[in-house]
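Trainee: Listed below are the residues making up each chain.
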Amino acid sequence: GAVVSQHPSRVICKSGTSVKIECRSLDFQATTMFWYRQFPKQSLMLMATSNEGSKATYEQGVEKDKFLINHASLTLSTLTVTSAHPEDSSFYICSGEGGTGTEAFFGQGTRLTVV
Amino acid sequence: LAKTTQPISMDSYEGQEVNITCSHNNIATNDYITWYQQFPSQGPRFIIQGYKTKVTNEVASLFIPADRKSSTLSLPRVSLSDTAVYYCLVGGTGNMLTFGGGTRLMVKP
Numbered sequence: 066g067a068v069v070s071q072h073p074s075r076v077i078c079k080s081g082t083s084v085k086i087e088c089r090s091l092d093f094q095a096t097t098m099f100w101y102r103q104f105p106k107q108s109l110m111l112m113a114t115s116n117e118g119s120k121a122t123y124e125q126g127v128e129k130d131k132f133l134i135n136h137a138s139l140t141l142s143t144l145t146v147t148s149a150h151p152e153d154s155s156f157y158i159c160s161g162e163g164g165t166g167t168e169a170f171f172g173q174g175t176r177l178t179v180v
Numbered sequence: 165l166a167k168t169t170q171p172i173s174m175d176s177y178e179g180q181e182v183n184i185t186c187s188h189n190n191i192a193t194n195d196y197i198t199w200y201q202q203f204p205s206q207g208p209r210f211i212i213q214g215y216k217t218k219v220t221n222e223v224a225s226l227f228i229p230a231d232r233k234s235s236t237l238s239l240p241r242v243s244l245s246d247t248a249v250y251y252c253l254v255g256g257t258g259n260m261l262t263f264g265g266g267t268r269l270m271v272k273p
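If you read the protein sequences in the order shown, they are chains C and Y. With positions in the first sequence counted from 1, the corresponding number in my numbering is that position plus 65. With positions in the second sequence counted from 1, the corresponding number in my numbering is that position plus 164.
Rather than coming from a laboratory, the hints here were simulated on the basis of the structure. Only a predicted model underlies this, so the values are computations on that prediction, with no experimental measurement involved. Glycine included, every Cβ here is placed at the ideal spot set by N, Cα and C. Just so you know, not all the hints are guaranteed correct.
[Claimed, not checked] Dumping the calculated BS3-like pairs for lysine-lysine here, alpha-carbon to alpha-carbon at most 27 Å:
1) Lys85(C) x Lys106(C)
2) Lys106(C) x Lys272(Y)
3) Lys272(Y) x Lys129(C)
[Said to hold, decoys possible] Not close to chain Y: a few residues of chain C, all C-beta gaps over 10 Å, as computed:
4) Val69
5) Lys131
6) Thr140
7) Pro151
8) Ser154
9) Ala169
10) Phe170
[Said to hold, decoys possible] Chain Y is faced by these chain C residues, among others (derived, beta-carbon under 7 Å):
11) Phe104
12) Pro105
13) Ser108
14) Leu109
15) Asp153
16) Ile158
17) Gly172
18) Gln173
Extracted from the complex, chain C is given alone in its bound form (with noise of 0.2 Å):
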């Protein structure tokens, strides 16, 4: 299948500043990117959807200033966590659409710790 590689896989940050999470469609172009957060023991919650170009829709409930999205180019999207709190402390985890069949492809994940 498609590789959705995510980067970093692992962030610990001090209260306050802010993070960037990448997301890269390796071998696809991504037209849709979806973002994830995910708590221990529960499912993934979609956090927002990027469209290629075009401004992220965030899901209700989700804070667009503190969630930054951007999605340049057909291979790359990027979440931000601006002012983070331990609060924001969760699995993220992004995927791409876009491949030649209908499914999404999922990255790693990356495990953020707000300290």
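Based on these hints, arrange chain Y on the given structure of chain C.
Mentor: Relative to chain C, chain Y alone:
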């Protein structure tokens, strides 16, 4: 968006066949059914996708009845490494993927 319902957990033993059923009563005409596997601290991994009838690949089979209101993922001869959470998702291209609770499969020796 079609909502999915799966058993919360299942137990099995090595070498057995495991069938996980998912119900999706309000599936739309253009929706596909896709199953993903997730290990702890990893992103979901695509297992199989189907639209109707039966689909088989090297790791699993997917059975979809004619009314498409449910689907069954079949894992032949599971091993300990198949212990994971399995998600059934319903949607089409460009639709956001909404995850249900998933099924936590525990394979015992």
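Trainee: Of the numbered hints stated previously, which ones are contradicted by the structure, given in increasing order?
Mentor: 3, 4, 9, 10, 11, 12, 15
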